[in-house]
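Protein chains in written order, with the working numbering: chain E, 1 to 116; chain U, 1001 to 1116.
Hint data in this document are derived by calculation from the structure and do not stem from the laboratory. Honestly, I wouldn't trust all of these hints.
Claimed, not checked - Negatives, chain E to chain U, calculated, CB over 10 Å: (1) Arg15; (2) Arg22; (3) Glu52; (4) Arg64; (5) Phe66; (6) Pro70; (7) Lys78; (8) Gln84; (9) Leu91; (10) Ser95; (11) Gln105; (12) Gly108; (13) Asp109; (14) Arg112; (15) Ser114; (16) Leu116.
What the hints assert, rightly or not - Here are the in silico distance ranges between beta carbons for each label pair: (17) E/Arg9 - U/Glu1059: 28 to 38 Å; (18) U/Asp1029 - E/Asn51: 38 to 48 Å; (19) E/Gln80 - U/Gln1083: 21 to 31 Å; (20) U/Glu1059 - E/Glu71: 47 to 57 Å; (21) E/Val74 - U/Phe1047: 14 to 24 Å; (22) U/Lys1115 - E/Ala13: 33 to 43 Å; (23) E/Pro8 - U/Ser1113: 28 to 38 Å; (24) E/Glu68 - U/Phe1047: 20 to 30 Å; (25) E/Pro70 - U/Asn1058: 36 to 46 Å; (26) U/Ser1071 - E/Ala13: 46 to 56 Å.
Said to hold, decoys possible - DSSO-like mimics (lysine-lysine), calculated; alpha carbons at most 27 Å apart, straight line: (27) U/Lys1111 - U/Lys1070; (28) U/Lys1003 - E/Lys57; (29) U/Lys1108 - E/Lys11; (30) E/Lys57 - U/Lys1108.
Source: prediction; values computed, not measured. Even for Gly, the Cβ is constructed at its ideal location relative to N, Cα and C.
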Amino acid sequence: GAGVSQSPRYKVAKRGQDVALRCDPISGHVSLFWYQQALGQGPEFLTYFQNEAQLDKSGLPSDRFFAERPEGSVSTLKIQRTQQEDSAVYLCASSLVWPSGNQPQHFGDGTRLSIL
Amino acid sequence: AQKVTQAQTEISVVEKEDVTLDCVYETRDTTYYLFWYKQPPSGELVFLIRRNSFDEQNEISGRYSWNFQKSTSSFNFTITASQVVDSAVYFCALSEDGGSQGNLIFGKGTKLSVKP
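Next comes chain E alone, as it looks inside the complex (with noise of 0.2 Å):
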């Protein structure tokens, strides 16, 4: 597809199950973010890859949070232990290179989890 691919779109989870957050981002983009974002607020930043790269998950709340891109192209976020706090859309970007501040980054539709 021509843009930021994520699935689930919706996802329903018990407190305490793992959920696993997929992105597929724009083929060929070396950066890719994750963002979590809070009903009524803003995104915010969780984590960054340049390729299979993580070089900064200084935005993960939590030692629960885990992120991946193992080949540089599609990457998961994988929450342990789920808490009624992570209830969000969790948004899913890419950008053509790095670094990329200059980019715009484009963004997918963002998984909404809710945990009861």
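Place chain U on chain E using the hints.
Same frame as chain E, now just chain U:
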């Protein structure tokens, strides 16, 4: 510290009115980039414009225009002759240079409702 403030939480206008969305930013970097994104109800963040800190020329694209003023650290967005399809949440975002990977710092967004 970097920060983006969008003081207007919600704005409601009637179709064909002009509307300006305010954005004020804080950064210590001399090189930085400013962005506007649109988030319709579907959830995807749509890139609208990028501005670098050295280019203060205002820009117009159709009904959209942007006013960048370094002296007041503002990057305001005006929609002329608003239409119902402009209804969305609009985010202003900042990306710093200095070797960073370019993760975006978002404001909290302004929800624009355009009524027929």
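Here is what the structure says about each hint:
1. Every CB of chain U is more than 10 Å from the CB of E/Arg15 (nearest about 24 Å), matching its label as outside the interface.
2. E/Arg22, annotated as away from the interface, keeps every beta carbon of chain U farther than 10 Å; the closest lies near 16 Å.
3. Taking the minimum C-beta to C-beta distance to chain U, about 14 Å, the non-interface status of E/Glu52 holds against the 10 Å cut.
4. Distance check on E/Arg64: its Cβ is at least 21 Å (rounded) from any Cβ of chain U, clearing the 10 Å threshold; non-interface status holds.
5. Once the 10 Å rule is applied to beta carbons, E/Phe66 is consistent with being away from chain U; the minimum gap is 18 Å.
6. No beta-carbon of chain U comes within 10 Å of the beta-carbon of E/Pro70; the shortest separation is about 19 Å.
7. With a closest Cβ-Cβ approach of about 20 Å to chain U, E/Lys78 is found to remain outside the 10 Å limit, as its non-interface label requires.
8. Listed as a non-interface residue, E/Gln84 keeps its Cβ farther than 10 Å from every Cβ of chain U; the least gap is roughly 21 Å.
9. Against chain U, the non-interface label of E/Leu91 is violated: not every CB pair exceeds 10 Å, the least being about 7 Å.
10. A cut-off of 10 Å between C-beta atoms contradicts the statement that E/Ser95 is not in contact with chain U; the least separation is 7 Å.
11. With a least CB separation of 6 Å from chain U, E/Gln105 falls inside the 10 Å interface cut-off, contrary to its annotation.
12. With a minimum CB-CB distance of about 7 Å to chain U, E/Gly108 fails to clear the 10 Å threshold, and the non-interface call is violated.
13. With 10 Å as the threshold on Cβ separation, the claim that E/Asp109 sits away from chain U is violated: the shortest Cβ distance comes to roughly 5 Å.
14. With a least beta-carbon separation of about 8 Å from chain U, E/Arg112 fails to lie farther than 10 Å from that chain, contradicting its non-interface assignment.
15. Every beta carbon of chain U lies more than 10 Å from that of E/Ser114, the smallest distance being close to 14 Å; the non-interface claim holds.
16. No Cβ of chain U approaches the Cβ of E/Leu116 within 10 Å, the least distance being about 21 Å, so the stated non-interface status holds.
17. Separation of E/Arg9 from U/Glu1059 is about 34 Å and conforms to the stated range, judged on CB atoms against 28 to 38 Å.
18. Checked against the given bound of 38 to 48 Å, the beta carbons of U/Asp1029 and E/Asn51, roughly 25 Å apart, lie outside it.
19. Range check, E/Gln80 to U/Gln1083: about 45 Å between beta-carbon atoms, so the 21 to 31 Å window is missed.
20. In this structure the supplied range 47 to 57 Å is violated for U/Glu1059 paired with E/Glu71, their Cβ-Cβ distance being about 38 Å.
21. Judged by the Cβ atoms, the range 14 to 24 Å given for E/Val74 and U/Phe1047 holds: they are separated by roughly 22 Å.
22. In this structure the hint that U/Lys1115 and E/Ala13 lie 33 to 43 Å apart at CB holds, the actual value being about 38 Å.
23. Here the CB-CB span from E/Pro8 to U/Ser1113 is close to 29 Å, well matched to the stated 28 to 38 Å.
24. The hinted window of 20 to 30 Å between E/Glu68 and U/Phe1047 holds, with their beta carbons roughly 26 Å apart.
25. Distance hint check: the CB atoms of E/Pro70 and U/Asn1058 are about 44 Å apart, consistent with the given range 36 to 46 Å.
26. Remark: the range hint 46 to 56 Å for U/Ser1071 to E/Ala13 is upheld by a beta-carbon distance near 49 Å.
27. The suggested pairing of U/Lys1111 with U/Lys1070 holds, with an alpha-carbon distance near 25 Å, which does not exceed 27 Å.
28. For the hint pairing U/Lys1003 with E/Lys57, the CA-to-CA distance comes to about 19 Å; that is within 27 Å, so the pair holds.
29. Restraint check: the Cα-Cα separation between U/Lys1108 and E/Lys11 comes to about 24 Å, which is no more than 27 Å; the hinted pair holds.
30. Distance check on the hinted pair: E/Lys57 and U/Lys1108 sit about 22 Å apart at the alpha-carbon level, within 27 Å; holds.
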